[in-house]
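Please build the complete structure, drawing on both the sequences and the hints.
2 protein chains.
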Amino acid sequence: MNAEIITIGDELLLGQVIDTNSSWLGQELNKIGLRVHYKSAISDSREAILSSLFEASKRSNVIIITGGLGPTKDDITKTTMCEFFKSELVLNQKVLEWVQSIFKNRNLPMLESNNQQAMVPKNCSVLWNKNGTAPGMWFYENGVAYISMPGVPFEMKTIFEEEVVSKIKTVFKLPSIVHRTFQTIGIGESFLAKRIAVLEDILPTHIKLAYLPAVGSVRLRFSAFGENKEELELELQAIVAHLYQLIGEAIFAEGEKSIAEVVGDLLNVRKKTIATAESCTGGFLAHQITLVPGSSNYFVGSILSYANQIKINEIGVAETTINENGAVSEACVIEMASKIRTKFKTDYALATSGIAGPGGGTKQKPVGTVWISLATPTQVIAKCFQFGDNRERTIQRSALAALEMLRQELLNA
Amino acid sequence: MNAEIITIGDELLLGQVIDTNSSWLGQELNKIGLRVHYKSAISDSREAILSSLFEASKRSNVIIITGGLGPTKDDITKTTMCEFFKSELVLNQKVLEWVQSIFKNRNLPMLESNNQQAMVPKNCSVLWNKNGTAPGMWFYENGVAYISMPGVPFEMKTIFEEEVVSKIKTVFKLPSIVHRTFQTIGIGESFLAKRIAVLEDILPTHIKLAYLPAVGSVRLRFSAFGENKEELELELQAIVAHLYQLIGEAIFAEGEKSIAEVVGDLLNVRKKTIATAESCTGGFLAHQITLVPGSSNYFVGSILSYANQIKINEIGVAETTINENGAVSEACVIEMASKIRTKFKTDYALATSGIAGPGGGTKQKPVGTVWISLATPTQVIAKCFQFGDNRERTIQRSALAALEMLRQELLNA
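These protein sequences, in sequence, are chains W and H.
First residue of the first sequence? That's 2 in my numbering, and the numbers climb one at a time after it.
First residue of the second sequence? That's 2 in my numbering, and the numbers climb one at a time after it.
Errors might be hidden in some of the hints.
For identical chains, the list gives no copy identity; a pair is met inside one copy or between any two copies.
[Unchecked claim] Calculated lysine-lysine pairs in the DSS-like style (CA-CA distance at most 30 Å, straight line):
#	residue 1	residue 2
1	Lys158	Lys258
2	Lys195	Lys158
3	Lys59	Lys87
4	Lys158	Lys209
5	Lys59	Lys170
6	Lys131	Lys87
7	Lys195	Lys273
8	Lys123	Lys344
9	Lys174	Lys158
10	Lys95	Lys170
11	Lys158	Lys366
12	Lys209	Lys87
13	Lys59	Lys273
14	Lys32	Lys230
15	Lys59	Lys195
16	Lys366	Lys95
Since the hints were made in silico from the structure, they are not lab data.
All values derive from a computational prediction rather than experimental measurement.
Here it is as structure tokens:
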């Protein structure tokens with residue numbers, strides 16, 4: 002059973018947009034037992050779309066098409082799919098009402114081009130797009146499914162997860178694949194590989210292990226292929242137990258939870274609260290915490306102190322501490338954490354102070370040097386990290402490291 | 002003159018690696034006047050490579066192939082290219098010496114698989130890979146150039162820049178392409194299209210306009226194709242002037258600058274400072290500001306007040322304001338902005354208070370309701386927005402809208 006992905010849009014060919022949709026789709030299709038064997042990116046042109054659909058129909062059972070469904074003139078996927086299937090556009094009343102309700106809720110007038118979003122090919126089933134105005138479309142002809150979705154990532158992903166997966170599973174008989182993914186933090190990819198080499202060496206050939214590194218963390222995905230799902234799950238169960246023996250302390254979640262969600266769950270269960278005092282992370286740590294729905298249960302607030310005067314006047318760091326040690330120092334970050342904890346009356350507090358760069362580095366404290374402190378009801382600890390010379394990644398890694406310090410503390414609390 | 006890109010490797014199809022090579026190549030080819038009209042990703046299989054080369058040779062003048070040139074068993078690009086051209090592998094003495102020298106310098110033993118790197122098809126010209134052991138290859142047959150390079154990004158990029166570009170320019174007479182990209186904010190894609198319809202309708206056929214939407218903003222890209230670069234630039238100049246007449250106030254940058262960078266430039270030039278008081282954005286607004294290198298010149302700090310008590314005790318909002326109007330209100334957000342401006346002694350201050358969701362909405366103030374306020378040396382203004390029911394996007398849009406309020410103010414200051 003073969004799948005292929007066609008992405009439509011000159012911006013992808015010109016390289017102005019990096020295509021993250023198709024790697025996400027590759028992973029998701031793989032999870033349900035569909036192997037992507039071909040991907041192509043083509044321009045917003047009728048001829049290119051028609052010939053790609055024709056070629057794809059000869060080699061693939063499931064064809065995913067993204068892009069070209071917007072309301073503007075360069076969006077011609079819908080009419081061209083219609084032409085490919087010798088169908089015609091008809092008004093879908095339900096979609097029209099949906100589009101109208103979106104504009105009404107935002108107090109915006111409807112344009113004729115928005116009404117056009119409700120016109121769909123007669124031979125398709127509409128795939129509901131609850132995040133936008135362009136519906137997805139499902140076509141099925143001669144044993145091949147054609148699935149057209151908008152290119153906007155969050156619209157595409159929701160349509161795929163909520164509408165497409167179940168339809169594919171209904172129409173096609175797929176082999177069993179069982180995946181288990183673990184998120185690790187604090188160990189680099191090659192060291193991780195060394196730590197689990199003894200497990201990797203004895204994996205049977207029908208179970209594959211993939212390393213999926215991201216900034217500051219590495220995901221490990223085991224994929225077991227076979228006939229019998231229950232057997233595969235049992236086999237994986239034993240492997241997972243072995244994995245936890247080898248690197249258990251570095252695994253912060255199974256599945257896709259962020260470390261901020263994991264920490265949020267721990268705080269909720271323990272009915273504890275948290276505040277942050279941030280310098281180099283500039284609000285990114287608090288942003289990670291507050292991205293989690295319901296974080297107002299445990300997150301109280303922060304003071305972001307880019308200027309030293311704010312550290313002194315607002316957080317309450319002693320001027321002498323900064324004068325004697327600098328703002329990027331163990332003494333300063335420890336005062337930031339303990340003072341904000343007292344001031345904001347929370348159980349825990351995290352503080353960051355570092356040199357994100359590109360400027361500001363010295364020989365003693367090069368760019369990438371970051372001090373992180375955690376204040377708890379009983380103690381204040383601090384650690385120094387070296388995160389390298391990329392500003393954005395240093396900010397991201399600092400926030401992850403801070404959350405990991407809190408996670409370890411909460412696990413032992 | 003058409004180019005296409007073929008990337009070889011299962012890791013791309015499985016989505017384990019995001020393909021950044023092909024967007025980079027798309028941009029670089031475009032710069033020299035070669036339009037990429039097709040991209041494909043295929044697996045490390047002889048059949049897939051042969052049929053892709055065959056199809057590509059029918060539609061493209063320049064075919065760039067990356068990947069599958071390593072020393073391991075799954076790397077079969079070289080032998081398959083050899084088969085495609087009915088050529089044979091011969092030893093290239095210069096490459097052999099190069100590979101040997103690399104191993105010698107690193108004090109590593111040579112394996113037989115490393116010697117194989119020096120075997121190249123008889124009919125190719127070697128493209129020197131000074132960063133690795135796998136040489137690139139240039140084939141030319143029936144007016145079509147086939148360029149095979151390793152998939153490792155820094156090896157591929159250097160080979161392309163130092164070896165491929167000059168060869169392409171020697172063999173092909175290339176047209177000119179000129180691009181200009183503008184970033185807009187505050188107008189949805191369909192409204193933008195309506196506002197500039199009068200311009201779009203009179204665009205000559207050799208100038209294309211693309212809409213590239215992102216969360217909260219839309220990029221507009223004009224691409225002009227022709228013979229004479231100076232003429233194209235002049236033509237675009239007139240179009241751009243027309244564009245500014247139509248939607249000038251919504252354009253925050255030409256090129257790839259973020260709105261936080263644009264605002265940072267304006268603050269720097271005017272020698273002004275900024276602070277934020279954030280509730281629903283939870284630090285994301287400050288994060289956008291502090292992502293910009295050098296932002297410590299103008300960004301002083303923030304107070305993030307998720308809890309009302311922090312709004313009252315730390316920012317200085319009057320308790321009665323919150324009791325009478327709620328925290329998500331014009332009165333509250335105005336006090337947040339003006340108090341933080343005074344407290345942090347800055348020229349400007351931005352404040353946000355809203356309901357990011359999913360919980361906390363009411364009939365009067367549904368999820369997505371966000372109040373944003375800007376305090377300046379002479380006044381305090383506030384606006385109410387409705388950003389919909391996705392938490393992450395509401396946070397992102399709120400930050401963009403706040404920065405846009407500040408940008409408009411700075412432009413007129």
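Against the structure, the hints come out as follows:
no., hint, verdict
1, Lys158 / Lys258, "both (17 Å within a copy, 27 Å between copies)"
2, Lys195 / Lys158, "between (34 Å within a copy, 28 Å between copies)"
3, Lys59 / Lys87, "both (18 Å within a copy, 27 Å between copies)"
4, Lys158 / Lys209, "both (25 Å within a copy, 29 Å between copies)"
5, Lys59 / Lys170, "within (21 Å within a copy, 37 Å between copies)"
6, Lys131 / Lys87, "within (28 Å within a copy, 53 Å between copies)"
7, Lys195 / Lys273, "neither (37 Å within a copy, 52 Å between copies)"
8, Lys123 / Lys344, "neither (63 Å within a copy, 62 Å between copies)"
9, Lys174 / Lys158, "within (23 Å within a copy, 42 Å between copies)"
10, Lys95 / Lys170, "within (25 Å within a copy, 54 Å between copies)"
11, Lys158 / Lys366, "between (43 Å within a copy, 28 Å between copies)"
12, Lys209 / Lys87, "between (41 Å within a copy, 28 Å between copies)"
13, Lys59 / Lys273, "neither (59 Å within a copy, 62 Å between copies)"
14, Lys32 / Lys230, "within (11 Å within a copy, 49 Å between copies)"
15, Lys59 / Lys195, "neither (39 Å within a copy, 40 Å between copies)"
16, Lys366 / Lys95, "between (61 Å within a copy, 27 Å between copies)"
Hint check: violations occur at hints 7, 8, 13, 15; the rest are consistent with the structure.
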